[in-house]
Amino acid sequence: MQTKPRFRFLPSPLHSLLLFTVWLLLNNTLAPGHLVLAAFFAITIPLLTSGMQDPHPRFHRPLLALRYVLRVLGDIVIANFEVAILVIRPSKHLNPAFVAIPLSITHDLPITLLASTVSLTPGTVSAEISEDNKWLYVHVLNLMDKDALITLIKQRYEKPLMEIFECSI
Amino acid sequence: MNLLWVVLLPLIGTLVPLFTERFGRNICAFCVALLPAWSLILVLMYAPDIFNGQAIRQTIEWIPAIGLEVSFRLDGLSLLFLLLILGIGLLVILYARYYLSLKDSMSRFYVYLMLFMAAMVGIVTSNNLIQLWMFWELTSISSFLLISFWSHKSEARKGARMALTVTGAGGLALLAGLLLIGRIVGSYDLDTVLASSDIIHAHAAYPVALILVLLGAFTKSAQFPFHFWLPHAMAAPTPVSAYLHSATMVKAGIFLMARFYPVLAGTDLWFIIVSLTGLTTLLLGAYIALFKHDLKGLLAYSTISHLGLITLLLGLNSPLAAVAAIFHIINHATFKASLFMAAGIIDHESGSRDMRQLNGLWQYMPYTATLAIVAALAMAGVPLLNGFLSKEMFFAETLNQSVLGSLSWTIPLLAVIGAAFSVAYSLRFIHDVFFNGQPVDLPKTPQEPPRYVRIPVEILVALCLLVGIFPAFVVGDLLHIASFAVLDHTVPVHNLAIWHGLNLPLLMSFMAMVGGVILYYNRRHLFEFQSHFDTTDAKHIFERTIQSLVKAAESITNTLENGSLQRYVFTLLLCTLVMGGLPLIELTQNSGTRASIPLDGVTIVCALLMIFSAVATVIWHRRRFLALIFLSVVGLIVSLTFAKFSAPDLALTQLSVEIVTIILLLLALFFLPQSSLKESSNRRLSVDLLVAGLIGCVIGTLCYAMLTTPLNTMSDFFIANSKTGGGGTNVVNVILVDFRGFDTLGEIIVLGIAALGIFKLIANMRIAIPARDDKGRAWSNDPHPMMLEVVSQSLLPLALLVSAYIFLRGHNMPGGGFIAGLITSVAIIQQYIAHGVQWIKPRVTIDYQWIIASGILIATATGLGSWLFGQAFLSTWFDYFSLPWIGKFELASAMLFDLGVYLTVVGAVMLILANLGKLTTSERLDIQENN
Amino acid sequence: MLNIAITIAAVLMCLSLMLNLWRLFKGPSRPDRILALDTMYINSIALIILFGIFSRTTLYFEAALLIAMLGFVSTAAMCKYILRGDLIE
Amino acid sequence: MLHLPILPILLPMLAAALMLLPPLSQSITRQRLFAVTIMITLVIVSVWLLLTCHQQGTQLYVLGGWQPPFGIALVADRLSALMVLLTAILGLGAQLYACAGDDKEGMYFHPLFMFQMLGVNGAFLTGDIFNLFVFFEVLLIASYALLIHGGGKQKTKANVHYVILNLVGSSIFLFALGILYGTLGTLNIQDMAMKVVSLNEQQQALTKAGGLLLLVVFGLKAALLPLHFWLPKTYAATSAPVAALFAIMTKIGVYSILRVHMTIFGQDAGALAHMAIPWLWPLALLTIVMGTIGVLASPGLRLSIANLVVVSVGTLLLAVAIQRESATSAALYYMIHSTFITGALFLIADMITKQRGKAEDRYVIARPLQNPKILGIAFFIAALTVVGMPPFSGFVSKILILQAANSMRETLWVWPILLLISLVFLVALSRAGTTIFWRAAGDNTQGKPLAPLKCIAIALLLGASPVLVIFGGPITQYTQLTAAQLHSKAPLPNSKLPIKKAKEMPTGQSHNAN
Amino acid sequence: MEVIYAFCVGLLAACGFFLVLRGRTFIVVMGLTLLSYAVNLFLFASGRLTLNGAAVLGQSAQYSDPLPQALVLTAIVIGFAMTAFLVILAMRSRADQGNDHVDGQIPVRPVSPSLLDKRNG
Amino acid sequence: MEFWVELVASILLVTGATFAFIGSLGLAKLPDFYTRLHGPTKATTLGMGCLLIASMILVTYWQGYLSVHELLITLFLLITAPVTAYMLAKTAMHHKLQILEKTTDKTLSKRAAERMTP
Ligand code: NA
Ligand code: NA
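Top to bottom, those sequences are chains A, B, C, D, E and F.
Heads up: the first sequence is residues 1 to 169, going by my numbering.
Heads up: the second sequence is residues 1 to 931, going by my numbering.
Heads up: the third sequence is residues 1 to 89, going by my numbering.
Heads up: the fourth sequence is residues 1 to 514, going by my numbering.
Heads up: the fifth sequence is residues 1 to 121, going by my numbering.
Heads up: the sixth sequence is residues 1 to 118, going by my numbering.
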């Protein structure tokens, strides 16, 4: 758990980086004036909102994170095709199910990320997280093998997230 | 010297009692008397000029727009009345000093009395019609105060109100009459008016003006059928009756007729109305007076009767009759004032005014009795007393008329009958009070009153005698100049003497005497005869009339203003329908010459979406959440419409407002019923539907007609000057912050005020919080879902960045302070939704109210900045700068203005929404639904 | 070619919107309707993007961005309303 | 002072904003001192503005330096200056009264009051019809908030009606503005008056609809029959200083009718000239009748006064409908008189109400008043003024209107009605007064002295009545000049401040949305 | 296009006015919201309809009338402020009077049997 | 050049619109709420992604500079779509909406609604 920011004027550098990028994205530009503005907002906005941010586990291994993002994006594309077919086919072929997935990660942010990933990827929607943060309830559109699904989610998504946030192993 | 002072002195006199009461009653009364006395001296100083046939005038301009001048004139008639008003007024002041008991507020009494006196003086000296009317109304007002002096008594209040109503109504008629005369003559100057008798007589509106003026005079002078207020005015303290109801107020009506005698009299209409009214009043008053057991009641009806006599005389259209009328004015004032005073003394000393109780007072107060008897004899018209003289003149004049054509002989006969009754009631006054056995159950043992209270009576009775014995010497000149004024400078020959030889009038007097005595001796039969008649008191009729008026008014109001908003809105919509729809009927063709835009599929689909959703909102309006969802679809399509028709700023604004509205409605819906039963009947629904549908048709037609007509607008100016003059390429935004920045300033102020108002509404609101939802389900136990919390938190900086982006580009591209403000607010609200108030509280310590205020201040200050450069408020400034490496950039004061907008929006939205959240408490109770 | 593609896309989006509307009417439950509304928001973004491409302008980008941001808030608020009644507590 | 015309708007605006911020926001005493100072300044400024307009003619203040009709212009002519002064004095009275304690009964009284002043002054001064709408909304939202000041069921209930009706009204306002802009292509009132002449037949019909819809809107604000329903209960429910201030609210509706239907659709408007008059006549008469019936039917003093407001609106509009210069002048005089007097009456009624225990202001027997003398005198003067009895201003205004009703037809309608309502008022108010002041039971020994501020406030408003009579000459002269100005069609004067050099519009390519 | 635009405006106005005539505060608020949509579209239409003509200099060949747009913006904001106030006032009214009827009390009228059936069923 | 740009953009447009349509189709035709939830939340992300990329390409091509701000919309949708789905599922379970009969482990939804361990 990170309790104190490392730099007073840059409480969350990652956020700042994100904001910096987004500003340039928004303005479609790399003009010097906008770089200054982007830097300005990247510094001021996190300062302004720092009070509104709960502490989160520290972020590690950016490369792994990038790989994770790309993997999820790829899975989204596939998921869409699969779901598209399921939707178009008559619904009697569907095999929906509720599945409870035991969680190893504990903190809010990683759990949220995992739940989001699950929702964005093949045929599953995160429906609920148990109060003790130990179970993720998932609705599956077309369940083949329950255990395989649990393993897949834990291996493919939870593990990298755990590594990225270096938590509780 | 100044004529103005004659009026001003009594008027100033109204203030005297307020300052002198503390020095004791004697000093107070003395000081109060000083000013009218002074005024009287002034009048007397003018008297020689008047007796020389002059009229004195004084005019000051006041309100020319209504023809009102401060204008006074003193002529013979005024002089006569001034002497009566001021002279008897002084006597009444003296009398009242001893009459009023210690409980009564002396200063209050004197204030009212002086006010009244001033008003009377004003009436008789006015040389301007409007001013005359002003004083006329002042007498009504002050008499109201005087009559209701003992306001704790119900009859005093009612009597005063009745007097005020009747005389007030007459006053209004008089006003109309005077205005009409003014319009006919073209001036409100009395001199001019009095000189325009031909114009007035010839004018088509003469009868109307005459009737209106006479209504004023008759009500004031208690002429039939307006006589009924006077007896009830006897609830006033006796000094008031002595003054108002003998010498002054009731005489104001007579004065009015005398004043306008030159211009209004002389026609058949005048003749018929005035003389017949007078005659009826004379007879009625005299008849009823006989049956009154109340001493003052008797005197009141006697007054009515004598006023009728004077009116009759004035109505006869004969100069000599007018002289007689004026003479009787003087005589009646003296004997009636003294009689009232005597009655007051009797009442004061014996505790009763009921003649059934009062008997044999001669033994107890012989001196007072003597005075009263002399005065009563004057009233009866006994020779050697003043009443005899004028009554004889009256008889003579009744013989000289032809009111009723060949039936005119009845008038002298009726006059004699009236006189006989007058003798009878005078006899009753004398006999029933001072003789006729012993008193019955009097509250007090009667005794002679204090010395000073008799002085006024003595003076007046002495006058009765003096006038009665030496008429020409005492009042000859006064009567002459007064008649001189009334009769337009041509006074007929008359001879004021006790003895005119044996003639018909003398015989009539004699017959009246004898008749009166006979009547009085047979009074028992008369009383019995009278008791067969239902004597409905005018007071009850009056009160009942007023009551039923009020009842009728109540039922009308309750029917129309039934407190149902639906009806009010319906009326409003009907008006809208009529006003918007009628001009459309004149519209021969709806479509103009403007080329229309071809239809496309996406538009049709969006339109269908909007139509279905709008209709669904209406159909399901009682299932509120559902309706809300459909409503938001409509809002979404509206935004898309704006985008489609080239209004990106509008689309953005509509979208953001839409979301905030939905949040707001959801917040509120929680505290309101989720659904309601069908309340309106089918008939009502279909009527509403019809009206709403018709208005929809009107609006749609107007819209279509507008869309298809070509339009030349001033918008080119904005497009041409947006960049060069306002420094921005987004013309809409430049209009908002520059061309029409004032609108925007107003708009954010509206928002700010709304927030303050809402905060005010929320403060101390005690509202039940539903423990379950509308289907009876318990609420979820997860107030702040974790995922929502985390994601909302991380969205906040992004949203702020986007709002900064929208804000900064606003001047040149779609966006601006308002939308940016809404985005910021929504982002913060999202935190409230996700985390709850408790979580936010320690994290946001700023007062939203300050943000609103500083937003408004920044926007205003930006506007004010232009003052420094000699420019008008809200003149903008912008310029382009260039920095190394960064390059060229623009700075504009409009941005600062927009910042003000941004801050106000954020402050207002947050103040509204965040505080709604504070309504909830931790526990939720089951509430009783009241519908 | 592009215009044809835009037309096809627009037709599909219109059909989607009509389907959303159908679900909105049909329900049967409140979550169904909220879901339909949310989908409608997203389809509107698509429509705006298509419109921008069709008119060759970027003026409507912010509108799309705003729907993306605010549509979420609206949906979340409605869900919260159903769950807890009180949006802010 | 070059910026004089905008000061009546800016002063309350800045004052209100400052009162929301520390140090003023923290202490009611500071707020009171500040607010009263501002209001007195406002009175001074208004007098100054009035004198300037009177002596130097109409003042034009071009906001942002944009030449009208493109920018928003404030036009201070005799009428608007008069209305602003009227508002300032009335406002000062109401505020002084509130400072005696009523302002503590809820939040934000003083800021809201200032906002209300700002809205009213803005509505009077603006020369732009959309800006008029904006200021209408400012004053309305402020009035919504002020209306509930003090809390209580009655206020809430009345406010619900008031707000909903006005919101519908605002919608209609915007429809009307849309039509007017859609046909005339401009928003500046003077410019609209120019353009209204050259419309084709179709545009005329549309413009007429717009103009008549505006009549509905302004009629609603003014409480013209049949749109008056909201007024009596609303005014009777609200707290005294607010009700007193509201005495000006209906006048704003009348003022707007004057502006729109005399300036835009006046005698020079061609086919559209005087289009509202045929409606105004019967409606004004009916308003008077209904209001009078309401006065007679009212069970309590405040409701009576509220109905008097309705009558005063009818009377005013009747004078407006006569359409003669003298009548307009009479209407203006009447406007001044009735505004002050209804304001004063609401304050007096409040003091009476607070001393009568549970009987409140109802016409029933109750315990005697603690201060019968002062209240009695005040009520008496006010009642005389209302009835139109001398020596107070009511009679002058009554005579002015009676005299202005010149033709046979006018005389036949106006005279009987005006005189009869005077009589009804006389009956009703004498009943009211005798009941309240004289029909007392028990005693009320705890004679507390009256709050001096309240007395000053009442004296200020009531004092206007004799002043109006004493200085009747110059005042009627001013109203006559004002009426003459309203009836004549004069071009806008030049701005004293620099006008921005605008780029010429591309000639011959005037924007044509064709 | 103009026909369908005008039709929609008229329909929205009609729906809005109909709901404003109902007796419950929240429904009136919804009616006013619908009405304000109609108003805004109507006001917008006073500048006529233009395709591809956003009034941003340099972005279009021919510009739509920017003035009504600015007016509508102002109207939207003001409308929002007013709606917000009314909504909270409706809550206050409910809190003070115990029901959400616009008149503060439920009008008493005989309940028809069919209505009773509905309520029970 | 233009042809290829147009071609890619056209394909992306049609694909994107198709996915969006399928999402809406799923919303309309799938048998219970939970299955319907899958359609929009996923299909739209890809659908919107394709449309936005098409827009990026075209704008970049037309305006001559790289237009990437459309990515932002995608970013927002990716962040918010799962939360929307989560909230909706939560609501559905809270309201105990009818679950398709053949759904495996239906009872889990009750545990989930109470946020307990299975
Ligand atoms: Na998934
Ligand atoms: Na006797």
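Source of the hints: derived by calculation from the structure; they are not laboratory data.
We put the beta carbon where it would ideally sit given N, CA and C, even for glycine.
Errors might be hidden in some of the hints.
Residues from chain E that face chain D, not an exhaustive set, calculated with beta carbons under 7 Å [stated by the list, open to error]:
#, residue
1, Leu32
2, Leu35
3, Phe42
4, Leu43
5, Leu51
6, Met82
7, Val102
8, Gly104
Quick rundown of the hints versus the structure:
Interface hint status for leucine 32/E: upheld, as the beta-carbon distance to the closest one in chain D is roughly 5 Å, under 7 Å. Proximity of leucine 35/E to chain D holds as hinted, the smallest CB-CB distance being about 5 Å (cut-off 7 Å). Given the 7 Å rule on beta carbons, the hint for phenylalanine 42/E holds: about 5 Å separates it from the nearest Cβ of chain D. Restraint check, leucine 43/E versus chain D: the minimum CB separation of about 4 Å is within 7 Å; hint holds.
Checking leucine 51/E against chain D by beta carbon gives a least distance of about 12 Å; that is not within 7 Å, so the hint is violated. Given hint, methionine 82/E at the interface with chain D, holds; its Cβ is 6 Å from that chain's nearest Cβ, closer than 7 Å. Interface hint at valine 102/E: satisfied, since its Cβ lies 6 Å from the closest Cβ of chain D, which is below the 7 Å cut-off. The closest approach between the C-beta of glycine 104/E and any C-beta of chain D is roughly 4 Å, which is under the 7 Å cut-off, so the hint is satisfied.
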